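**Q** What follows is the residue order along each chain.
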Amino acid sequence: MTLNPIDEFRAELRAWLNENCPEEMRDGLMSEEGICWGGKDWVFTSEAQKIWLGRCASKGYTVPTWPVEYGGAGLSREQEKVFGEEMALVNARSPLESFGIWMLGPALLHFGSHEQKLQYLPPVARGEVRWCQGYSEPGAGSDLANVQTHGADQGDHWLVNGQKIWTSYADKADWIFALVRTDRDAPKHKGISFLLMNMDDAGVETRPIKMISGISPFCETFFTDVKVPKEQIVGTENRGWDVAKYLLTHEREMISGGGAGLSGGGRALGAVINDTMDEMGATLRADAMRCEVDTLAIGLTLERYKDQSEAGQGAGDASAMLKYMGTELNKQRHELMMTAGGSDALEWDGPLGNRAGDWLRTKANSIEGGTSEVMLSIVSRRVLGLPG
Amino acid sequence: MTEEETMLADMARGYLDGAMPVSKLREMRDAGSTHNAATWKEMADMGWAGVLVPESAGGSGMGFAAANVIAHEMGKTLAVSPFLSSAVIAATALRQVSDARAQSALAKIASGEATYALAVDEGIKFNPESAQMDARGDGNGFRLNGKKQFVVDGVMADRLLVLARTSDGLTLFDIPADRAGIDREKSNMIDARDVARITFEDVEATGEDVLGAVDSAMDVLRPALQAGQAALAAEMAGLSAGAFAMTVEYLKERKQFGVEIGKFQALQHRAAHLWCEIEVTSSAILNAGRMLDENPENAELAVSLAKARATETAILAVQEGLQMHGGIGMTDAFDMGFYMKRARVSAEWLGDYSYHAEKVANMRGF
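So the protein sequences, as listed, match chains A and B. Residues in the first sequence are numbered consecutively from 1, following our numbering. Residues in the second sequence are numbered consecutively from 389, following our numbering.
Accuracy of the hints is not assured; some may be wrong.
As the list claims (entries may be wrong) - Computed list of lysine-lysine pairs in DSS-like fashion (alpha-carbon distance at most 25 Å, straight line):
(1) A:K227 to A:K188
(2) A:K331 to B:K747
(3) B:K651 to A:K188
As the list claims (entries may be wrong) - Far from chain B, some chain A residues (derived; all Cβ distances over 10 Å):
(4) F83
(5) S113
(6) R239
Since the hints were made in silico from the structure, they are not lab data. The model shown is predicted, which means the values in this text are computed figures rather than measured ones. Here a beta-carbon is modelled for each residue, glycine too, at the ideal position from N, C-alpha and C.
Please build the complete structure, drawing on both the sequences and the hints.
**A** As structure tokens, then:
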């Protein structure tokens with residue numbers, strides 16, 4: 001029997017996964033503790049986690065759609081779907097998650113030079129370098145283009161001074177990609193550059209911020225006379241807003257995907273509701289039903305836009321829609337999970353684990369990467385053409 | 389959508405804008421009947437009546453996704469036709485049966501020669517499995533006694549698909565609508581559509597009139613209902629898009645406080661939210677069409693998801709549309725009321741939001 005190429009790919013992949021995915025990595029865990037973030041200071045939580053990362057990286061499976069020369073497996077959209085299905089089939093954990101994969105990669109693949117791609121991407125794919133994102137500032141939240149962190153031109157380098165906030169995991173990151181004002185005289189969107197900086201450089205300092213969920217995934221990051229060589233710019237000087245906007249589109253799609261809870265989370269709600277059905281009654285079930293309907297439909301929408309991206313029609317402005325719908329749904333989901341959990345859900349590390357922490361974390365979903373209100377304004381102006 | 393589907397949608401739009409704008413529905417409503425045999429013949433000539441009839445039986449055999457595309461375009465201007473009842477529901481039922489009689493019935497649907505209506509509901513809510521209408525055996529045949537309501541296209545249809553209880557289950561009958569003992573009374577519908585309450589009194593039926601097997605109506609009816617629910621969802625999504633387009637246009641031209649009201653963020657965000665809901669619903673509808681074409685055995689979840697989402701979105705679209713139009717939206721002279729009334733009728737037909745959300749929940753394990 002001869003198989004068509006996609007079936008052949010599936011068969012090979014399935015065999016590889018069966019052989020190579022360690023038993024301990026087959027719990028589909030996507031909670032904070034289960035994630036492998038990589039980086040030079042990363043401490044693997046188990047030998048299996050280390051082995052799994054190494055094996056996936058050797059096949060390009062940490063970044064399956066990136067080109068092979070930059071550390072990926074060069075998968076097509078069709079193959080990527082199969083990859084997702086087969087990973088789910090063995091309930092495999094994601095081998096590696098990082099801002100390098102989600103954000104830096106797409107930016108460099110689109111705007112970077114060949115040399116930059118070769119220099120920065122393979123270490124990300126292997127989980128050796130961990131990146132963080134330096135976008136927001138105390139005075140630049142929804143008005144992101146108002147960044148004040150300044151890069152003074154010193155010939156062969158910029159001298160960077162300023163402060164970033166909400167830099168996720170900056171205290172654990174090796175490098176940062178940041179929006180820096182390199183021309184104070186230009187209109188605010190036209191004087192920003194997209195710079196790459198080493199967190200070990202003199203003058204970089206981070207301070208974690210304790211959040212309502214009790215943990216500190218976000219930091220403040222300070223730059224004092226940090227020297228950034230000129231070759232560490234992505235794209236053109238003073239055109240960093242183009243890169244930023246492009247990346248925001250990616251970030252929004254990513255947040256919306258997490259928001260829709262598509263990696264098995266869809267089942268979890270049903271199971272949770274079933275557990276407490278007798279005590280909860282009809283109202284909670286009705287709310288959960290509605291949430292489930294919307295979860296499935298938003299999941300299909302994400303898939304539809306991914307398919308369109310493959311065909312060359314990116315989600316573009318519609319990423320604002322995906323982000324808005326996905327994150328509002330996720331907040332709703334977690335409210336339901338809390339209600340279903342009753343008083344058990346009210347304890348830190350109680351009988352339901354970190355349910356309360358997860359619930360509180362979701363409250364940031366509709367703020368980070370652009371608030372729901374900013375998303376609606378984007379749709380209103382750019383999609384509907386309503387007057388600004 | 390595929391390139392072919394986009395072409396089909398453009399073609400349908402071109403025809404419907406000319407032949408079936410909302411003003412046409414208004415005209416027919418004012419004249420007392422929304423039945424229009426001439427336009428149905430034109431639709432049949434374009435292959436719409438035979439969209440699900442195989443080419444071997446004289447149809448265009450375009451499939452379920454294509455049927456959804458046509459229904460979606462019809463919804464935009466509230467075009468009234470027997471498309472859902474005949475071309476989608478009846479044709480899908482007949483496709484489950486392979487005998488010569490079914491083949492000839494399919495050919496008549498494709499040519500526009502015969503129209504059908506589906507008589508299932510007996511109470512105020514859609515629940516086919518609970519049908520009680522009596523079809524007791526009588527010699528070699530059956531005798532139908534009972535009442536049906538909310539039979540869409542039931543007054544003008546040439547034939548009826550009637551769900552009734554036989555000795556060991558439910559049976560689906562395919563009978564001429566003018567058979568002795570059938571009394572059709574027109575319901576005075578809020579959306580002016582052709583809907584009937586039908587009384588059956590000692591209506592005689594033979595084995596020939598049974599579609600599929602006796603006591604096994606659901607084998608034939610289930611796929612037909614799924615096709616109808618998906619196409620109705622598509623029509624409702626079209627309705628939502630139509631009401632939404634009117635609303636956005638109005639936001640751009642209506643001035644208050646010296647500016648276009650579309651400048652107000654409160655209205656911008658309501659409109660943007662509605663657009664997001666419409667987009668998400670359209671994904672569910674595309675998915676339902678694909679599943680019916682490619683994996684019909686497992687399409688139930690996709691279909692119920694589509695009908696549930698389409699119902700919620702349509703209700704939202706007409707409510708927001710009316711509110712954002714202000715007082716003028718309340719007048720009969722303006723079209724928004726037509727959208728609102730059709731949305732309410734379609735929400736109820738073939739299962740409301742709760743019916744389909746309940747199915748989704750069951751299939752998702754709770």
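**Q** When you look at the beta carbon of R239 (chain A), is every beta carbon of chain B farther off than 10 Å?
**A** 29 Å, holds
**Q** According to the definition I'm using, a residue is off the interface if its beta carbon is farther than 10 Å from all beta carbons of the partner; does F83 (chain A) meet that for chain B?
**A** Label holds. Min Cβ-Cβ 21 Å, cutoff 10 Å.
**Q** Holds or violated: are the alpha carbons of K331 (chain A) and K747 (chain B) at most 25 Å from each other?
**A** Since the Cα atoms of K331 (chain A) and K747 (chain B) sit roughly 24 Å apart, the hinted pair holds (cutoff 25 Å).
**Q** So if I understand the rule, the pair passes when the alpha-carbon distance is 25 Å or less; does K651 (chain B) with K188 (chain A) pass?
**A** Distance ~24 Å between K651 (chain B) and K188 (chain A) Cα, so the pair holds.
**Q** Can we confirm that no CB of chain B comes within 10 Å of the CB of S113 (chain A)?
**A** Non-interface label stands for S113 (chain A): nearest chain B Cβ at 36 Å, farther than 10 Å.
**Q** Does the alpha-carbon distance linking K227 (chain A) and K188 (chain A) stay inside the 25 Å limit?
**A** 23 Å, holds
Against the hints set out earlier in the document, no violation occurs for any number.
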